[in-house]
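*Asks:* Position chains B and C against the provided structure of chain A, taking the given hints into account.
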Amino acid sequence: MRKLRKSNKIVCSLVGMLIVGLLISGYIPAASAQEKKATVTFWTPFPVPFYEPWSSWVTDTFNKLHPQIKLDTTPIPWDRLEDKLLPAIAAGNPPDVFQFARPVFQSAAMGHAQPLDELIENDPLVNPEDWYPGVWYDVTYEGHVYALPFESDSLVFFWNKDYFKKAGLDPESPPEYLSELDLYAEKLTKKNAQGDYDVLGFTPWQGRSVEFMHWGWKNGGTFYDSEAGRITAADPRNVEMLEWEVGYAKKYGAEKMGALAERAQMGGGATAVGMFCMGLSAMRVGGSFFWSQIDKYGPDIDYGMTRYVPIPKGGKNAGISEGTLIFVPVGAKGIKEYPEAVWEFMRWYSINAMPVWSLQVGDLVSRPEYADLWMFASNPKVKECTKAIELTHPWPKVAALWFYRDQLKQAVEYAIYGKKTAEQALKDVEKAVQREMERYK
Amino acid sequence: MRNKKISYMIRHGIVYLVVILGAITFLIPLAWMFVTSLKIPAQIHVYPPEWIPNPIAWENYLQILTFFPFFRYLLNTLYITSLNVIGVLVSCSLVAYGITHIQWPGRNVIFTLVISVLIVPYAVTLIPLYLMYHRLGWIGSYKPLWVASFFGVWTFHTFLLRQFFLAIPQELSNAAKIDGCSEFRIYWNIVLPLARPALFAVALFEFLWTWNDFLMPLVYLTNQKMYTLSLGLAFFQGTHDTAVNLLMAASSLVTIPVLILFFFAQRSFIEGITLTGLKG
Amino acid sequence: MNFKISKLRMANTRNGLLFVSPFLIGFGIFYLYPFIASFYYSFTSYSLVGESQWIGVLNYKELFIEDDLFTTSLYNTLYYATLFVPLSLVVGLMIALLLNTNIKGKSGLRAIYFLPSIIPLAASGILWVWILNSRYGIINETLRALRLPAPRWFSDPNWSKPGYVIMSVWASGQTMIILLAGLTGVPRQLYEVAELDGANWLHKIVYITLPLLTPAILFILIISVIGSFQMFTQAYIMTDGAPANSTLFYNLYLYRVSFRYFKMGYGCAMAWILFVIVFTLAWSLFKSSARWVYYGREEG
Numbered sequence: 037m038r039k040l041r042k043s044n045k046i047v048c049s050l051v052g053m054l055i056v057g058l059l060i061s062g063y064i065p066a067a068s069a070q071e072k073k074a075t076v077t078f079w080t081p082f083p084v085p086f087y088e089p090w091s092s093w094v095t096d097t098f099n100k101l102h103p104q105i106k107l108d109t110t111p112i113p114w115d116r117l118e119d120k121l122l123p124a125i126a127a128g129n130p131p132d133v134f135q136f137a138r139p140v141f142q143s144a145a146m147g148h149a150q151p152l153d154e155l156i157e158n159d160p161l162v163n164p165e166d167w168y169p170g171v172w173y174d175v176t177y178e179g180h181v182y183a184l185p186f187e188s189d190s191l192v193f194f195w196n197k198d199y200f201k202k203a204g205l206d207p208e209s210p211p212e213y214l215s216e217l218d219l220y221a222e223k224l225t226k227k228n229a230q231g232d233y234d235v236l237g238f239t240p241w242q243g244r245s246v247e248f249m250h251w252g253w254k255n256g257g258t259f260y261d262s263e264a265g266r267i268t269a270a271d272p273r274n275v276e277m278l279e280w281e282v283g284y285a286k287k288y289g290a291e292k293m294g295a296l297a298e299r300a301q302m303g304g305g306a307t308a309v310g311m312f313c314m315g316l317s318a319m320r321v322g323g324s325f326f327w328s329q330i331d332k333y334g335p336d337i338d339y340g341m342t343r344y345v346p347i348p349k350g351g352k353n354a355g356i357s358e359g360t361l362i363f364v365p366v367g368a369k370g371i372k373e374y375p376e377a378v379w380e381f382m383r384w385y386s387i388n389a390m391p392v393w394s395l396q397v398g399d400l401v402s403r404p405e406y407a408d409l410w411m412f413a414s415n416p417k418v419k420e421c422t423k424a425i426e427l428t429h430p431w432p433k434v435a436a437l438w439f440y441r442d443q444l445k446q447a448v449e450y451a452i453y454g455k456k457t458a459e460q461a462l463k464d465v466e467k468a469v470q471r472e473m474e475r476y477k
Numbered sequence: 020m021r022n023k024k025i026s027y028m029i030r031h032g033i034v035y036l037v038v039i040l041g042a043i044t045f046l047i048p049l050a051w052m053f054v055t056s057l058k059i060p061a062q063i064h065v066y067p068p069e070w071i072p073n074p075i076a077w078e079n080y081l082q083i084l085t086f087f088p089f090f091r092y093l094l095n096t097l098y099i100t101s102l103n104v105i106g107v108l109v110s111c112s113l114v115a116y117g118i119t120h121i122q123w124p125g126r127n128v129i130f131t132l133v134i135s136v137l138i139v140p141y142a143v144t145l146i147p148l149y150l151m152y153h154r155l156g157w158i159g160s161y162k163p164l165w166v167a168s169f170f171g172v173w174t175f176h177t178f179l180l181r182q183f184f185l186a187i188p189q190e191l192s193n194a195a196k197i198d199g200c201s202e203f204r205i206y207w208n209i210v211l212p213l214a215r216p217a218l219f220a221v222a223l224f225e226f227l228w229t230w231n232d233f234l235m236p237l238v239y240l241t242n243q244k245m246y247t248l249s250l251g252l253a254f255f256q257g258t259h260d261t262a263v264n265l266l267m268a269a270s271s272l273v274t275i276p277v278l279i280l281f282f283f284a285q286r287s288f289i290e291g292i293t294l295t296g297l298k299g
Numbered sequence: 005m006n007f008k009i010s011k012l013r014m015a016n017t018r019n020g021l022l023f024v025s026p027f028l029i030g031f032g033i034f035y036l037y038p039f040i041a042s043f044y045y046s047f048t049s050y051s052l053v054g055e056s057q058w059i060g061v062l063n064y065k066e067l068f069i070e071d072d073l074f075t076t077s078l079y080n081t082l083y084y085a086t087l088f089v090p091l092s093l094v095v096g097l098m099i100a101l102l103l104n105t106n107i108k109g110k111s112g113l114r115a116i117y118f119l120p121s122i123i124p125l126a127a128s129g130i131l132w133v134w135i136l137n138s139r140y141g142i143i144n145e146t147l148r149a150l151r152l153p154a155p156r157w158f159s160d161p162n163w164s165k166p167g168y169v170i171m172s173v174w175a176s177g178q179t180m181i182i183l184l185a186g187l188t189g190v191p192r193q194l195y196e197v198a199e200l201d202g203a204n205w206l207h208k209i210v211y212i213t214l215p216l217l218t219p220a221i222l223f224i225l226i227i228s229v230i231g232s233f234q235m236f237t238q239a240y241i242m243t244d245g246a247p248a249n250s251t252l253f254y255n256l257y258l259y260r261v262s263f264r265y266f267k268m269g270y271g272c273a274m275a276w277i278l279f280v281i282v283f284t285l286a287w288s289l290f291k292s293s294a295r296w297v298y299y300g301r302e303e304g
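Chains as they are written, first to last, in the numbering used here: chain A, 37 to 477; chain B, 20 to 299; chain C, 5 to 304.
Hints are supplied without guarantee of correctness; some may be wrong.
Calculated lysine to any residue pairs in the SDA-like style (CA-CA distance at most 25 Å, straight line) [unchecked claim]:
#  : chain 1 : residue 1 : chain 2 : residue 2
1  : B       : Lys23     : C       : Gln234
2  : A       : Lys455    : A       : Ala264
3  : A       : Lys201    : B       : Ala284
4  : C       : Lys110    : B       : Ala284
5  : C       : Lys208    : B       : Ile29
6  : A       : Lys417    : A       : Arg403
7  : A       : Lys286    : A       : Val235
8  : A       : Lys332    : B       : Ala284
9  : A       : Lys445    : A       : Asn158
10 : A       : Lys292    : C       : Leu101
11 : A       : Lys445    : A       : Gly265
12 : A       : Lys369    : A       : Asn129
Hints are computed from structural coordinates only; laboratory data are not their basis.
Predicted model only: the values in this text are computed from it and were never measured.
The shape of chain A in the complex, shown without the other chains (with noise of 0.2 Å):
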């Protein structure tokens, strides 16, 4: 009987908990709003109050400059999106207003965002010509727009100023030829006693350089054929490029190379932290964000930054340029009951919020006309990284974006361990993606 006891205290004290929590519950606000303003309902990846006070920035800001309306803002986690706006959709209760990634190929194929034709005809405030044509590129498809560009940002390329005095080479003066970067890899490399690196020079696959398309575009390959609607992965010129990339494999070794990099590591994707920040490597290809990065993790780098990524001889200047956007989920309410309330947010945040976010967290402005603002233009910096959306080159547009620019990571990965050659990896990411678009067809 002294057993059924203790098990009794435990549940006794569940059941407190049990209680205590309903009783807190029911102090809880309730999500959504009675009163007959419009609601309109946003979901950002940009985070909350304890660590980047953005969405509760956006909703009072927004509420206060429009007391007509409500809006309501919930930040998701940034990788998990489509984790929470799938079901939504499939159950036809989806957030009035998306923010996702560019561009939005993908969802339109898919009919999952919604055509914002008439709304934007019909506002005087929005127009195309406004914002940089790489970057209204990717919230277009077939002839229709499908989503507001919110912030941009863009391929630069930087080095580490010290190495290159203590290698010899002038600070000043980045490697302007992949011939050139080669050489300078070479010098720049350092391994210690035990055989290990110390410090790369360069790796073709790291930071933004993961996206193998732009080392492609630079020499002059393309990846898609919208004529004959062919893809063209294994273009003779993007098969070179990819066998550049395999030389510093083979030179440098993958693996020791891996390993390095390794030290930067986060955990996948996004979230690693560069070696460039912990003066593992010497140069490096990233995204513009990246210099707050630098300043960050590595404050003590002293470091250049340039627009202008080595290309081959004969190449041209041919950058990437990422950035979200926000769209309207098809099925959702707000844009059926109060369209004016929803396009009103949708034009704010575009327009308005973006240059605010650019500047807090050092991304880019979407439209020329900020570009110029002393605030912007006053930071060398992000002066450079913006003319450098101008150098961007348009993506496939296809609908099969995604799973082409990870068909792309996985050849560059099988080529440089060695287990497909250049052009076989190129030649199955052609075929596994043709198929793929049949599927849209």
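*Replies:* Frame of chain A; chains B and C shown alone:
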């Protein structure tokens, strides 16, 4: 005689050695987690790794406790977790009893269903489940996070209890039936007390999973104020980088209640159960 | 006589149904529809919005014949399961047995062994990327100190999966708990009687402890097999399939296909293939259990 004593001591010593070495191995990652939680960003990636943060950033914890709505999320999480633990203890034990101590033709079919539910991956059930909760009007409330546990659908526990209930001899329940006990009384007064360690394990596991689960709160909650601790942790991974030191500090704090529960629960593992009066 | 038996049968069936009724209701509400819906969708090109076209076995055909990643992810998961399942059982057993002896500080030690399994996955993912770091990770430092080869774990496609196995075994505190719970059910008298017969510690473990632990062991085996096919969150956080798809586990690929490429029908097909495979494995384990699991009663 002395040889026996010496060999006993040697064996004992080896056991101690192995256990302690193992404990150290298991502890090192945790020690690193704690150490990292006290670092400033520029210190996180210093190599060779430094075991003593310099400076020691106690303010990380202060930030977590003030800037981060730790206590509100803690209460939210406790609420859902308690409900889930109760629900699971009640429903899964009932079902497990039904398929072990009662002889009836359908029980193997039920058990097959129990296992089948375990195998289905999350990606497949997510959307249909969401659709159903949407029809019930429960999206945005806590209900999708705990109601299911009262229906025995967390079949991991059902399976676990089934194994333990099977090890409780049928003779006991048969004897009680002869005495005129109903099935429920047998369940409540005989089987459950004998399976106490398993029940504690079930409570512990369910507590643990609900505590650390962030997928369900992510999908079903829309009001920030209702978020749970684990979902809050997910926000330390920002768009471009992760606040590792803060994440480790928050994770340390989040782990403490589970640890407390564990200490509390494991006492039942120490008390042995002696099954006297039964043939070996 | 027959009348009595059938009355008993009916009573038992009624009682049995009563006891399992929560689950029957729950299954009907929460799982029946997802089961049926996902099976149906696996034969369509479902993508949430608009018409889902019936495409017959096209998804399955594509998976088996054309999709390299399907084969790769299945291989990865089987490889992982083959290493993880036995290893975590053996390690869990060793720890549970050791902690069941007469040593001081059992509570603290148990807590230490259990602690790794309760750390939030995001944090433990980052921790393990550090621990398995090729240059300065503790594991490699130790290996080098012992003059053993130190593989480059997550930088080497050949060693990335073993890295995950090590991490998962470290977190097998739950296995230990279940075994400890099982150990409490072993009557002390059995040991005492065996000692009188001259049994040493090895005899006791092999002839008393292990047989009486077999119900728990069966549970752990089946749960580990099922669990290894569900490996997803850590892989997503830590390596996301890299390097060279060596850590693209089945469930990770399934998630990617469904939630990143929005190919829901395809994902459903993958889910059902997974179901068949895992169900078959679990069923085989159960079938074999009649021979080696001892419940201490007539039927199991």
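*Asks:* Checking against the hints above, which ones are violated?
*Replies:* 1, 2, 3, 8, 9, 10
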